[in-house]
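Asks: Sequence:
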Amino acid sequence: MRESLHHIKELNLHGVVPAFHGHAHNRLCQVQHHSKSKVGAGKEDFETCERVFSESNALAPETRNTTEFHRHQALDEHFRFADMDKYANLCMS
Numbered sequence: 004m005r006e007s008l009h010h011i012k013e014l015n016l017h018g019v020v021p022a023f024h025g026h027a028h029n030r031l032c033q034v035q036h037h038s039k040s041k042v043g044a045g046k047e048d049f050e051t052c053e054r055v056f057s058e059s060n061a062l063a064p065e066t067r068n069t070t071e072f073h074r075h076q077a078l079d080e081h082f083r084f085a086d087m088d089k090y091a092n093l094c095m096s
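Sequential numbering from 4 applies to the sequence shown in my numbering.
Honestly, the hints are just simulated from the structure, not real lab data. A hint or two may mislead.
To be verified - For lysine-lysine, the following DSS-like pairs were computed, each having C-alpha atoms within a straight-line distance of at most 30 angstroms:
| no. | residue 1 | residue 2 |
| --- | --- | --- |
| 1 | LYS12 | LYS46 |
| 2 | LYS89 | LYS12 |
| 3 | LYS41 | LYS89 |
| 4 | LYS12 | LYS39 |
| 5 | LYS12 | LYS41 |
| 6 | LYS46 | LYS89 |
Computed from a predicted structure; not experimentally measured.
With the hints as constraints, model all of the structure from the sequences given.
Replies: Written as structure tokens, this is what we have:
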């Protein structure tokens, strides 16, 4: 475990608290790790994963009583469509 932490220091990686979740952390943690206080973070709020999984929550009522196979199939289709939709929107600007 200690060796892996050494690699993090070599790579100059830093932890970031996503903007929305920052309110739940104490002031010292916010000052040190909040996304808005990180130089170079720009306007990124680091909540992309949260938004992606939040959108997939709409599948829960539809897949609650399905087999594991059909639940995986629905999730796979959902994320494939979401990916295609995002890529299509990239060329709209």
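Asks: Does the structure keep LYS12 and LYS46 at a Cα separation of 30 angstroms or less?
Replies: holds (25 angstroms)
Asks: Check the hint pairing LYS89 with LYS12 against an upper bound of 30 angstroms on the C-alpha distance.
Replies: violated (34 angstroms)
Asks: Can the restraint linking LYS46 and LYS89 be considered satisfied, given a maximum Cα separation of 30 angstroms?
Replies: holds (19 angstroms)
Asks: Starting from LYS41, check that the Cα of LYS89 is at most 30 angstroms away, please.
Replies: Holds. LYS41 to LYS89 sits at ~27 angstroms (cutoff 30 angstroms).
Asks: Need the status of pair LYS12, LYS41: alpha-carbon distance at most 30 angstroms?
Replies: Roughly 17 angstroms between the alpha carbons, so the hint for LYS12 and LYS41 holds.
Asks: Please verify whether LYS12 and LYS39 have alpha carbons no more than 30 angstroms apart.
Replies: Within the cut-off at roughly 22 angstroms; holds.
Violated hint for the displayed structure: number 2, the only one.
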